[in-house]
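2 protein chains.
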Amino acid sequence: MDTHFKYQAIANQLEELIEEGTLKIGDKLPSVRRLSKKHNVSMSTVFQAYYQLENKGLIEARPKSGYYVRFSPSCMPQKPKVVIPKAEIKNVSIDEMISTIYANISSKDVLQLSVSAPSLDLLPIAKLNKSVQHAIRNEPNHCIGYEEIQGNLQLRRHIARLSFNWGGVCHEDDVVITAGCMEAVALSLKAVTKPGDTVAIESPTYFGIFQVIESLGLKVLELPTHPETGIDLDRLDRIIKDFKINACLFVTNFSNPLGCLMPDENKEKLVQLLATHQIPLIEEDIYGELYFGKSRPRTCKTFDKTGQVLLCSSFSKTLAPGYRVGWVLPGQYKKDVISYKLYHSISTSTLSQAAIAHFLENGRFENHMRHLRKALHTQSLRYLQCLSEYLPADARVSQPQGGYVLWIELPPNINAFDLYMEAIQHQVSIAPGQIFSTHGHHHNCLRLSFGRSYDQEVETGLHTLGQLIQKRL
Amino acid sequence: MDTHFKYQAIANQLEELIEEGTLKIGDKLPSVRRLSKKHNVSMSTVFQAYYQLENKGLIEARPKSGYYVRFSPSCMPQKPKVVIPKAEIKNVSIDEMISTIYANISSKDVLQLSVSAPSLDLLPIAKLNKSVQHAIRNEPNHCIGYEEIQGNLQLRRHIARLSFNWGGVCHEDDVVITAGCMEAVALSLKAVTKPGDTVAIESPTYFGIFQVIESLGLKVLELPTHPETGIDLDRLDRIIKDFKINACLFVTNFSNPLGCLMPDENKEKLVQLLATHQIPLIEEDIYGELYFGKSRPRTCKTFDKTGQVLLCSSFSKTLAPGYRVGWVLPGQYKKDVISYKLYHSISTSTLSQAAIAHFLENGRFENHMRHLRKALHTQSLRYLQCLSEYLPADARVSQPQGGYVLWIELPPNINAFDLYMEAIQHQVSIAPGQIFSTHGHHHNCLRLSFGRSYDQEVETGLHTLGQLIQKRL
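In order, the protein sequences belong to chains A and B.
The opening residue of the first sequence carries number 594 in the numbering used here; numbering runs sequentially from there.
The opening residue of the second sequence carries number 594 in the numbering used here; numbering runs sequentially from there.
If you're looking for bench data, these hints aren't it; they were derived computationally from the structure.
One or more hints might be untrue.
Pairs count within a copy or across copies, as identical chains cannot be separated in the list.
In the SDA-like style, the derived pairs of lysine to any residue whose C-alpha atoms are separated by at most 25 Å in a straight line are [unchecked claim]:
#1 Lys927 with Glu807
#2 Lys787 with Ser692
#3 Lys672 with Gln992
#4 Lys674 with Asp766
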């Protein structure tokens, strides 16, 4: 989070006081005049800080009285528990449920809380369109000819520079551009496995990961995953000794659906553990730039000395899902990844690449990301506050530190897919927990995306959802 | 070819007379005045017809004397012979040769005669850029959001309408949009085979086809292919009885590299034969719209009653290689093809799809294709004439009826890869025959693309190539 603005420093400080419980619900905040004197800033700066906290739903203004604490994270619902899947290797079966959900995913009348992506109003449409115009006018081949297999050089340079954010030292030649993160993951899997191999993944995990693994004739082994810190490393250590694991595929930062964030020291340990056993790690980091805290978390790639980590990411969660531009830093597997890219799709859209490369110039991307992070953080708090009101008291909800999704654990007698089927009748779409595991776990869980800006429609939708849940208790 | 212009009818008639040998080299053509009276057309119409024939290199104007026949297709070099590969199943090995050639493929200083694609000056850059601008302004999500997995509806409608050209009756819902033809082929292979299966292909064949087959863990069986009529159906019939063939992958119209055109009656027989044996056919038809004759050839899909033909194509050879937009009509395998598309790349670039969909409105595409076909036909004749001058007398050259490439058979003591290595030193890039077979056949053959507009640089390059060949005899 930015602290180079004075108002931001003040807002952060107050937010911490509220989080720690020093300032409690109902407490009156210092007057604007007093705070402006204390910090030696203008009154408008203090108003800006208060406005931000109000926007996040943490404080409220009472007419002719001043500002009061309205909500504290300590009032949030409890966080979800760890579910330990059985340590067994099995073939993934792709569920009819996913098809059902996909069939409703582009309906305009439905409140889409099931898609882990930004709503359009959070994206810089006008500036991106200017970048497209720049590309078709100024690129030597007007973006009509083939791009290099490895990808647009300028774009690879910008992506290499982004590695600075996560403490990496990476060169343009280390980057391979792909058609989105899914292609990056598919090419990485092709490069490090052969059909019949076993890939260890988190549990619960994004269903797209099961599907790409199954489609390549691979098996999965689901690992217990802590809702806040990710993969249990001790357990992984033991499992590696008992089972033949050919590769790992983890979402280390703000994983989908749990939203967990693997601590940086765990990342370092994980890389060492896998290096010892010579197991390649495919690290999906599409949410890494969407942190709500003070700094961007590191990646496993940061600690990779042997080139065994393949870092996959994309601009789909930050800039333009429809442009289909992602990348992989494939380490020692670069040659194979480039070959498979050539064999399966030749190269990525020249136009999409050139437009994004132009957008990444002159700080446009950094500026946009500052706004997007702030908006998502605010939205996550708004959604959480609303849920704490409408959900039953014993429901547990994750408190994500980044990304797009909330993971909700309901009382065990609730079947989330049944709830989905009923909610969709009320024009609300959620992602039921069952689709995030091959073991039939998480039947009483659901994933909610807060990528859509919070408004009356969202509140009404969450209210409806709460009523449907209460009815089932 | 268009015959609704009067000049075109006259030009066609004269061209036929030259082809049949009725008009011989050196013969004087009727005067412009006489022909205009005879056909009851203006003199400028006759000039236009003569201009076209002159442009194709078939006639020449001699000052103060009139027009004379300059060249006849009967003077063309002989056509290549059939090479019969051994009927054996083997694993494809991807050659170091291909890497060497790819390493030089984007060098600006080299005369690129090794890429089977249009040069930029043949493409409608300005109009396509307008379509891009239209798309980013007018599409509801400004092309930033995800497109449907199956693809842009308008685009699918246009592609369904194109099926009228090859005698198909196809609906927008039968079309799946892909990231270029290679992805269409890869998804089709995934849908109809499993690792270890055998796919029958033409020989020689485009090396990209070997590579995608190998990368999916499949085996190939190369079939003898006639340089003019394609796959030998009797032989295929016998081979199906001797070997377990799980799928066929053929380029039926203007195949790469031979340029052969399977007669429509053979297509019908092929479809019947494969239907009897329940073998799916992946039909690549990226060159089908690039016919030099009077009408577009049909496809196997035209005769498909069981849905066992998967027709793959793209706009890469006709409009915009870099946009990466192709499609497949997957017949009965549609569900699987869409699933694999989702698992591996989610969807195709929204922007590229919307821009092409707009370009396909209001006859822009048909208009462009008329020009492109005419230009390619003219270029093919120009290249052929030039080669007949510079190649040794016993060299054989294909006379393609469409597409982008010439196949040249040199005397047996010439090694085409050695020739490639020497030619690249002289800034000329060719595709040596060896890379089009896994059997080491065609060592004395090479493929030349005539996609680049004929000019002095091309003539000099072909001259150099001729000298290098003569030196090796």
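Inset, instruction - Classify it for me, lysine 927 with glutamate 807: is the Cα-Cα distance of at most 25 Å met within a copy, between copies, both or neither? - result: both (23 Å within a copy, 18 Å between copies)
Inset, instruction - State whether the alpha carbon distance between lysine 674 and aspartate 766 is at most 25 Å within one copy, between copies, both, or neither. - result: neither (42 Å within a copy, 45 Å between copies)
Legend entry - Intra- versus inter-copy proximity for glutamine 992 and lysine 672 (alpha-carbon distance at most 25 Å): within (7 Å within a copy, 72 Å between copies)
Legend entry - Intra/inter-copy verdict for lysine 787 and serine 692 if alpha-carbon distance must be at most 25 Å: Between copies only: 23 Å across, 27 Å inside.
Going through the hint list in order, the structure does not satisfy hint 4, though it satisfies all others.
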